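There are 2 protein chains.
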Amino acid sequence: MSITAPTGFRAAGVAAGIKASGAPDLALVVNDGPDRAAAAVFTRNRVEAAPVTWSRQVVADGRVDAVVLNSGGANACTGAQGFQDAHRTAEHAADVLGISAGDVVVCSTGLIGELLPMDALLTGVDAACAALSADGGTDAATAIMTTDTVSKEAVCRADGFVVGGMAKGAGMLAPALATMLVVVTTDAVATPEELSAALHAATRVTFDRVDSDGCMSTNDTVVLLASGASGTTPSREDLAEAVTAVCADLARRLVADAEGAHHDIAVEVRSAATEEDALEVARSVARNNLFKCAVFGNDPNWGRVLAAVGTTSAAFDPGALDVAMNGVEVCVAGGVGADRALVDLTAREVHVTVDLHAGDATATIWTNDLTHDYVHENSAYSS
Amino acid sequence: MSITAPTGFRAAGVAAGIKASGAPDLALVVNDGPDRAAAAVFTRNRVEAAPVTWSRQVVADGRVDAVVLNSGGANACTGAQGFQDAHRTAEHAADVLGISAGDVVVCSTGLIGELLPMDALLTGVDAACAALSADGGTDAATAIMTTDTVSKEAVCRADGFVVGGMAKGAGMLAPALATMLVVVTTDAVATPEELSAALHAATRVTFDRVDSDGCMSTNDTVVLLASGASGTTPSREDLAEAVTAVCADLARRLVADAEGAHHDIAVEVRSAATEEDALEVARSVARNNLFKCAVFGNDPNWGRVLAAVGTTSAAFDPGALDVAMNGVEVCVAGGVGADRALVDLTAREVHVTVDLHAGDATATIWTNDLTHDYVHENSAYSS
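Each protein sequence line maps, in turn, to chains A and B.
Numbering follows my numbering, in which position 166 of the first sequence is assigned residue number 166; successive positions increment by one, without gaps.
Numbering follows my numbering, in which position 221 of the second sequence is assigned residue number 221; successive positions increment by one, without gaps.
There could be a bad hint or two in this list.
Claimed, not checked - Covered by chain B, per the in silico footprint, the following chain A stretches (three or more residues, Cβ under 8 angstroms):
#1 119 to 129
#2 212 to 226
#3 283 to 294
Keep in mind the hints are simulated off the structure, nothing from the lab.
No experiment lies behind these values; they were computed from the predicted model shown.
No residue lacks a Cβ here, since even glycine has one placed at the ideal position from N, Cα and C.
Next up, chain A with everything else stripped away, as it sits in the complex (with noise of 0.2 angstroms):
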């Protein structure tokens, strides 16, 4: 169910053609109230989407009342043609759900630089119109994926009030967003003003920390809407939590869905100074390209998460620095620890812990490992 989990939405997935596979490629999400509060966050790229753009305005007084993703083309780069696409279909979309073009979000993904096919999509827009469904949640998952190979759903139930969340992601998972598409739901009473805490305090510790692989996408869109259909007003706190329960849950499986990967890997950086300290080491370990082919080997080569470790700008004494892996110390005092042959690797989900003995902050960052596959998934994309 996911984003039709609470009361007051309806969503359908359709195949308008987009895609050449003929998979489902469009997915359009209603909020029929009685609200229409809403907040969003977006990719940091300065080269940003033209659906980018438009949502901006879109969401920039706080209301929004439907939203239509589209798979098989990123928009991206496509100049003022581009621009013009992303408004006419949220018009062609107002048109049909008899609501305003400036209520509706767009988003897209696919390939960076093409025109998207416009008589396929807004045929598809009119498709999704006639199949909105209040249990089309898992629908709409399905028709924004790209590479994914699974849909991405979560709900979590709160007291009085329902949050649902789909995603779509798995290359191009990033530093300040990744490569996502997300819809949050909630039949919550909010302002917008209270979507917007809630959901940049849930972002800035889920999607802002995971980092597949350092690339950061055009077209990163999360969006948060509330019909209020619940007739509940939770409390600041209460909001934040559950919005943040459901994009950790949705995070979570976009790393366990990464392109290619073999590993999850999640870098803990303890005893920092500052939680920026540790946010900066463990960006940096997680980035680090040879770290990440010796986790697809199995191979526990901690001189490489020092050697990442090292080129930061955090506060910490080099000689001070403790390593484990799965556990295991391998590196204690900046020098030789426990025996490396200790470690097992094998298992999909890799723990390192990196301490920095500088102070008490800690943040951790996952990431995937770099592999084989990788390389050939991300080596023949758009030909």
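Assemble the complex: chain A is given as a structure, and chain B must be docked to it using the hints.
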């Protein structure tokens, strides 16, 4: 001949038994004078290997009589014992050569986190001292190889003086300096300050602009030795030019022999507001794994170039960006340009140009593609 091409130098390379394979693994370079002026640059990684810590002290007074280099072990993250081992290596070489240990630079390369087999290493120093020869440059260049497939040497014959060099490094080529050990020799007459100026000018535009995989080593060392044996005192400009020529030649050889690479990629950024902007943009593209995979697949996926440019803080208007791949303008004014099918990426060397239309500065970073062979080589290095 390389490092023994300038007069006043002897070198040797021997098999000391540090490498399990029995391949040559210990090199020695001696400056017979009459001068012993020297300068060096080292890794900026804060987790630096013991020989780097030792050698910084040696070079501080501008005099170096000899350089001992070993492959088969990095002597990094080896604590107090590692520093004692580096010191002991210098002491031993000094005793045999009748010089001061404080004038002996030590360089190591190989796996991090293992102590060196000192008995084998010191016996190897004896053998290398006995084998010193005025034509031993190639033997020395061979003995410092790790995953290198070819030894790397270069010579520049200038007006009245000669500069020679050798380098090792194939993986972990890096931001600040590639993982490299480099020795450059000259028979010019020059003060340590003049050598330092020439070496910094050279590395800034050569080794610092090689970024094969974004990873910075704990052991990078580039040392420049001057014997004065030619009797020629070049101008500062002529000296810098000749040193830069040798460093550029060696840097290009490092890229050409990078681990598992199928393509050498020049990322040239033009019309930047500042050289720093040009470098930031070029490095961002050069480190983008999705772009690097695409080049491996001969796929002119210019959207990934723009996505990488968009993550930087350089001055540019996203709607003004042009991108060319091997001369084909695939992206014009931030949108679709020439048909990407016109781009032929089958040759080893690939040129990508990004025009920011924001000023007059330009810079080029050399990198490599991300291949199955890179993943393979680096997934089983320490085990």
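Residues of the segment 119 to 129 of chain A with Cβ under 8 angstroms from chain B, three needed, outcome: With 0 residues closer than 8 angstroms to chain B, the segment 119 to 129 of chain A misses the three-residue bar; violated.
Coverage of the segment 212 to 226 of chain A by chain B (three or more Cβ within 8 angstroms): Answer holds; 6 residues pass the 8 angstroms Cβ test.
Within 8 angstroms of chain B's CB atoms, at least three CB atoms from the segment 283 to 294 of chain A: coverage verdict: Check passed, 6 qualifying residues.
Figure legend: structure checked against the earlier numbered hints; the only hint not met is number 1.
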